[in-house]
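Q: Numbering (this note's numbering), first residue to last: 1 to 273.
These are computed hints drawn from the structure, not numbers from a lab.
Keep in mind that a hint or two might mislead.
To be verified - Taking CB as the label site, the calculated pair distances span:
#1 Lys74 with Arg257: 16 to 24 angstroms
#2 Gly165 with Arg248: 13 to 21 angstroms
#3 Ala213 with Asp108: 19 to 27 angstroms
#4 Met114 with Ala241: 30 to 38 angstroms
#5 Pro231 with Arg200: 28 to 36 angstroms
#6 Asn111 with Glu140: 28 to 36 angstroms
All residues carry an ideal CB built from backbone N, CA and C; glycine is no exception.
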Amino acid sequence: MTAAGLSPNTLSYKVSSDRASERLLFLNKLDYDRPIEFSLSERGGPAVPLGGLKRGFFLSFEGIEGCGKTTQLKGLARRLKALGYLVVETREPGGVPISEQIRTLLLDPKNRGMDARCELLLYLASRAQHLADKVRPALEKGAVVLCDRFADATMAYQGYGRGLGQGPVAALNRFATAGLSPDLVILLDVPVSVGLSRKRKVGGLDRLDREHASFHEAVRRGYLRIARQNPRRVRAVDGAATEDDVARAIDRIVQSRLRARKSGLTRVERHAV
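Start from the sequences and build out the full structure, keeping to the hints where you can.
A: The structure is reproduced here in structure tokens:
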């Protein structure tokens, strides 16, 4: 299939930034889409940068286990590369060596007794390193960064699935990302029974795959709530449709978003970083 209309442009825009405040705000009252405000300078460390100039285009794929996001991410990457975009594919947890080591800890079935707060903090540690080593440098080059899961996964899995709450997870997410958020999130929604059936057919179930269906139902509800609360940033797609139909739906969304940009992305001839 083709991705007509996905013409490369040059992209440069400014992410909103707020002055750091003296202390963390009350966690449970934080709005999920507002940048966290805090400073480490009082303790002798540097203030965490909030926002700043960002080039490139950051897109994350989200959804429960077996939703098809990895397949669709790779397909979109191929189509964008064929059109001359500079494309970087990555994943969370993981993406860079340190984060991949954390991924192993998180997904090892032997670690089923992991505390929910430990799990949350490991995901955030992986994210911070991933952003520093791969995502931010790629965006600075003007690349289209396609990430298999990002901060919304933490809200869905740990905030809703583990019941740790929206406020604390949102605050810690913003700390780990220093305010960086995807330009667009593609949420592939499938019933839990469909997703888990797909995973079982593939085999090699990890620690999260083996969670009870009620956990995955809570995660799905969390994702759908995030999409309802953020209709511009998060676009839901029926992941139970055929692979080609899902790909076409994703292309339409991406085309629309890229056309809306006033300046364009870095273009390459035959390869991506």
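Q: Hints first: check each against the structure and report whether it holds.
A: Checked hints:
Distance hint for Lys74 and Arg257: a CB-CB separation of about 19 angstroms, consistent with the stated range 16 to 24 angstroms. About 37 angstroms separates the C-beta atoms of Gly165 and Arg248, a value inconsistent with the hinted range of 13 to 21 angstroms. The hint said 19 to 27 angstroms for the Cβ distance between Ala213 and Asp108, and at roughly 21 angstroms that hint holds. Look at Met114 against Ala241: about 34 angstroms separates their beta carbons, and that is inside 30 to 38 angstroms.
Between Pro231 and Arg200 the beta carbon distance is about 33 angstroms. The supplied range of 28 to 36 angstroms therefore holds. Checking the proposed 28 to 36 angstroms range against Asn111 and Glu140 shows it holds: the Cβ atoms sit about 35 angstroms from each other.
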